[in-house]
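Novice: Listed below are the residues making up each chain.
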Amino acid sequence: MLLLSIEEITKEYDGIIALDRISLKVEKGSIKGLIGPNGAGKSTLFHLISGVEKPDLGKIYFKGREITSMESHEISALGMGRTFQTLQIWGNMTVVENIMAGMNRRLKGGLFSCGLWLPWIRRSEKEALKEAKEILDSLGLLGKWESIASQLPYGKQKLLELGRALAMKPELLLLDEPASGLTLAEMRQLSEQISQIRQEGVTVFIVEHHMGMVMEIADKIAVLHHGELIAEGTPEAVRRNPQVIEAYLTRRNPN
Amino acid sequence: MVDSKKNEFRKRDVFYLAPLWLLSLIAPDPYLYHKKEFKKKDLFYLGAICLAPLIWFDPHFHHLMVLAGIYAILALGLSLFMGYAGQISLGHAAFFGIGAYTTAILTTRYALPTFVAFWASAVSAAVIAYFIGRPILKLKGYFLALATLGFGEIFLVIVRESTDLTGGVIGIFGIPWFSVMGFSFDTYLKQYYLTWGVLIGLFIFSKNLVRSKVGRALLAVAASEDAASSVGINVPRIKLEIFVLGAAFAGVAGSLFACVMSIANPEAFSLGLTVPIVMMVILGGMGNLYGPIAGAILLTWLMDVLSRYQEYSLPIYGVILILLLIFFPDGIGTRLNVRVIYLIGYWAKKKKRDEGKL
Amino acid sequence: MDFWTYLPQLFSSGITIGAIYALVALGFVTISRASQIINFAQGEFVMLGGVITFFFLKEVNLPYPLAALIAILIVALIGFVMHLSVVYPLRKASIVILLMATLGASIFLSSTSGLIFGTLPKALPPFSGEQPLQLWGVFVLPQSIWVLLSTFILLIFLYLLSHRTLLGKAMEASSTDPLGADLLGISRNLMVFLAFGVSAGVGAFAGILITPIFFTSYSSGTLLGLKGFIAAVLGGWGKNSGAILGGFVLGIVESLSLAFIPSGYKDAVAFIILLLILYFRPKGILGSPFIDSRRW
Chain H
1 MLLLSIEEIT KEYDGIIALD RISLKVEKGS IKGLIGPNGA GKSTLFHLIS GVEKPDLGKI
61 YFKGREITSM ESHEISALGM GRTFQTLQIW GNMTVVENIM AGMNRRLKGG LFSCGLWLPW
121 IRRSEKEALK EAKEILDSLG LLGKWESIAS QLPYGKQKLL ELGRALAMKP ELLLLDEPAS
181 GLTLAEMRQL SEQISQIRQE GVTVFIVEHH MGMVMEIADK IAVLHHGELI AEGTPEAVRR
241 NPQVIEAYLT RRNPN
Chain F
1001 MVDSKKNEFR KRDVFYLAPL WLLSLIAPDP YLYHKKEFKK KDLFYLGAIC LAPLIWFDPH
1061 FHHLMVLAGI YAILALGLSL FMGYAGQISL GHAAFFGIGA YTTAILTTRY ALPTFVAFWA
1121 SAVSAAVIAY FIGRPILKLK GYFLALATLG FGEIFLVIVR ESTDLTGGVI GIFGIPWFSV
1181 MGFSFDTYLK QYYLTWGVLI GLFIFSKNLV RSKVGRALLA VAASEDAASS VGINVPRIKL
1241 EIFVLGAAFA GVAGSLFACV MSIANPEAFS LGLTVPIVMM VILGGMGNLY GPIAGAILLT
1301 WLMDVLSRYQ EYSLPIYGVI LILLLIFFPD GIGTRLNVRV IYLIGYWAKK KKRDEGKL
Chain C
2001 MDFWTYLPQL FSSGITIGAI YALVALGFVT ISRASQIINF AQGEFVMLGG VITFFFLKEV
2061 NLPYPLAALI AILIVALIGF VMHLSVVYPL RKASIVILLM ATLGASIFLS STSGLIFGTL
2121 PKALPPFSGE QPLQLWGVFV LPQSIWVLLS TFILLIFLYL LSHRTLLGKA MEASSTDPLG
2181 ADLLGISRNL MVFLAFGVSA GVGAFAGILI TPIFFTSYSS GTLLGLKGFI AAVLGGWGKN
2241 SGAILGGFVL GIVESLSLAF IPSGYKDAVA FIILLLILYF RPKGILGSPF IDSRRW
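Chains as they are written, first to last, in my numbering: chain H, 1 to 255; chain F, 1001 to 1358; chain C, 2001 to 2296.
Where hints are given, some of them may not hold.
To be verified - In the DSBU-like style, the derived pairs of lysine-lysine whose C-alpha atoms are separated by at most 30 angstroms in a straight line are: (1) F:K1140 / H:K54; (2) H:K63 / H:K169; (3) H:K133 / F:K1207; (4) H:K126 / F:K1039; (5) F:K1138 / C:K2266; (6) F:K1140 / H:K144; (7) H:K54 / C:K2283; (8) H:K133 / F:K1040; (9) H:K108 / F:K1040; (10) F:K1138 / C:K2283; (11) F:K1190 / H:K108; (12) H:K130 / H:K54; (13) F:K1138 / C:K2122.
Everything labelled a hint here was simulated from the structure, so no lab data went into it.
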């Protein structure tokens, strides 16, 4: 079953074509990888899917609904979580609050019921705290649950960002270069996390700059180069694809 | 006789240092502010608020504290918008004015009871904030500041010019004391308990907000809007909600102000008010709810002390504002107390740590 | 008399006040190009220019040009001092803090001026003749012509300063690429310092031009400053050409609005224009290099 389907997406910045008629499909329950050299348009594609920016042409469907022109919070409310290439952790909150804020969509209560601290708010806050601690436990961050998020080391912040996206119970998780800046050990932990997430029934769409980790965990891989989709298929097929090898070996395509 | 006494140094001026001491107790510390639950020290503050006017039984002190309480309500609402949601508003003085004029007009022209006018003030400020906020809250930074400032100036022009309704530059006189079911708040002491009672109610409301999902959503918006919408937080909506709530607070404060001063005139709601209320929020420390209250006491006290120097008061005021901003950009309590608190905490826990209990 | 007979008259006074707005707006832009700071005390420089010239002309009995020159130099000096005492210590602070600090400076400058020079409104004598000239059926004050002429000359001077001198190029460099300028040894702080002096001087110049037409008192700077800022936003924030265009547009629209609304509401017009432009086109008429349309 298709979870996400991108049809003929085009995006242009001041005359430079960042994405040229890209079509992609993500199957439910799979791990899909998107790779490509620097400036290939991977992050732009993610911004378009999550609604931070709007495409010039083309359509995006999520769970069978068109989300092309939706606001990004509406798209996330449908069940799409994401992390960012440049770490976007909320440094003004504690670790556990970061996770709890990630649950925001699932918690009940508006301005007045929260301000009056009505009984059901008290209950849901308590449950949220408990659940947030469970998520932190699974990520190995429970020891730091009360420290300010910006004071965590970089690798832990990356994990926290992943935890925050998980806290909203997404059906599709977009990971934008989750491994960048991580040590080898942290990367291994991350791969395990991602496999774990997949076993819980979450579909993962992962963008990576370098191949190693994605080759290991992804079912299908797509390769972007200069805004064009040059290959798509299983990791082995992509690895052997001559165009991909060329894209990664030559510095710049003369065309 | 009163005048000759006024310029002398009075012993009780020493007691005006109390706000500083209070501030040092409150100590807004950005690295501690995740501890958002109610604490024992809140009871201590409550006791201090109840007893203070009885200990210093002085009408002037009572009156100052009434004003401080009103400004604190105003600053509390602004603090939610500025300190938590990370936006800028220079237009809250206008919502204060809307509240005051609503009360003034309803009580003097239509002879409605003040209690009704009080609620009408909150609602009218909130409704206007809703229609103003919808278009301008998409702006950020300087442009948001400028747009809200522009709104404030438009409000002032309208108030000055629609003489029939608002009395023009002279304003509206003879607003009755606040009264509930026949009980009239006609002394400074009664007004003190009225304003601080309202303040405490709104404070508890705000504090509940801050420790719930709304507070987390606000902080998330302040830190990164992209990340906030990536977890499904409706950023424009939460900004608007908190802007409207802040305006309702300002409307409440304005209504109380009109009842206490029994006059509403445009000068009270100009840029001359915007500057101190924003300062209250900054000096108290952004992202802290005790801060605006402490800041309100401090600045009301400062303005009262300065008013004795007549024509020199404004230049001195300007210089003090700049100095405070240069030396305490994160709020007064932070710089004064971060180290002290840290040391105290360190020593208090040292024994336990040595025993291996921590 | 109907609207059409008023129109040319309103138009000519709109151009005059528009020139002043343009100069104030230019002061804002000069500072914001050197650093992302908005100086809310800009209007006070204008007020001080008029008031100090008045002081030297009437109290010290200096000749007019000398009094004006001294006033411009003093105000430029105040601009330098303001940078050193307010802006430089806060160069790393958040924009709310900077905004409040410049507002504090504005309070200090206006009230101190009231203290030293008195609170009464002041009017300088016109540069030449008080008899209105009749040009194409429109009565024009000679001072209006002086205003336009001087504004034009000052604009040329500023253009040459920013495009033909090394200093101007250094300023430009430090605003477009602060890091690159740092690496080339251009001190950003020095550029901001100079920008404050220049913008204070330009402000004072505007004040001297306007005081013969409108009364200037210690408290009139704030509103003038705000309107200058609005003009800068209207034309396109961060562009010199935008500031000039915005100033004239604002002046003319404000002046023409007098034909339709009571004069008391005049001050609201500028702010309504501001809200409209911020809502519909935040980057202004000519577009702004600082404001990305996708983000606003």
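Novice: Hint by hint, say whether it matches the structure.
Specialist: Quick rundown of the hints versus the structure:
Proposed proximity of K1140 (chain F) and K54 (chain H) is supported: the alpha carbons are some 21 angstroms apart, at most 30 angstroms. Restraint check for K63 (chain H) and K169 (chain H): the C-alpha separation of about 15 angstroms stays at or below 30 angstroms, so the hint holds. The suggested pairing of K133 (chain H) with K1207 (chain F) holds, with an alpha-carbon distance near 23 angstroms, which does not exceed 30 angstroms. A distance of roughly 18 angstroms separates the Cα atoms of K126 (chain H) and K1039 (chain F); the hinted pair therefore holds under the 30 angstroms criterion.
The suggested pairing of K1138 (chain F) with K2266 (chain C) holds, with an alpha-carbon distance near 27 angstroms, which does not exceed 30 angstroms. Distance hint between K1140 (chain F) and K144 (chain H) is unfulfilled; the C-alpha atoms sit about 33 angstroms from each other, more than 30 angstroms. Simply put, K54 (chain H) and K2283 (chain C) have alpha-carbon atoms about 20 angstroms apart, close enough for the 30 angstroms limit, and the pair holds. Of the pairs offered as hints, the one joining K133 (chain H) and K1040 (chain F) holds, with about 26 angstroms between alpha carbons and a cut-off of 30 angstroms not exceeded.
At roughly 29 angstroms between alpha-carbon atoms, K108 (chain H) and K1040 (chain F) fall within 30 angstroms of each other, so this suggested pair holds. At roughly 14 angstroms between alpha-carbon atoms, K1138 (chain F) and K2283 (chain C) fall within 30 angstroms of each other, so this suggested pair holds. A threshold of 30 angstroms between alpha carbons decides the hint, and for K1190 (chain F) with K108 (chain H) the separation of about 39 angstroms lies outside it, so the pair is violated. Taking the CA atoms of K130 (chain H) and K54 (chain H), the gap is near 37 angstroms; set against the 30 angstroms cutoff, the hint is violated.
A hinted pair counts as satisfied when its Cα atoms are at most 30 angstroms apart, and K1138 (chain F) with K2122 (chain C) does not qualify at roughly 42 angstroms.
Of the numbered hints given earlier, the model fails hints 6, 11, 12 and 13; all others are met.
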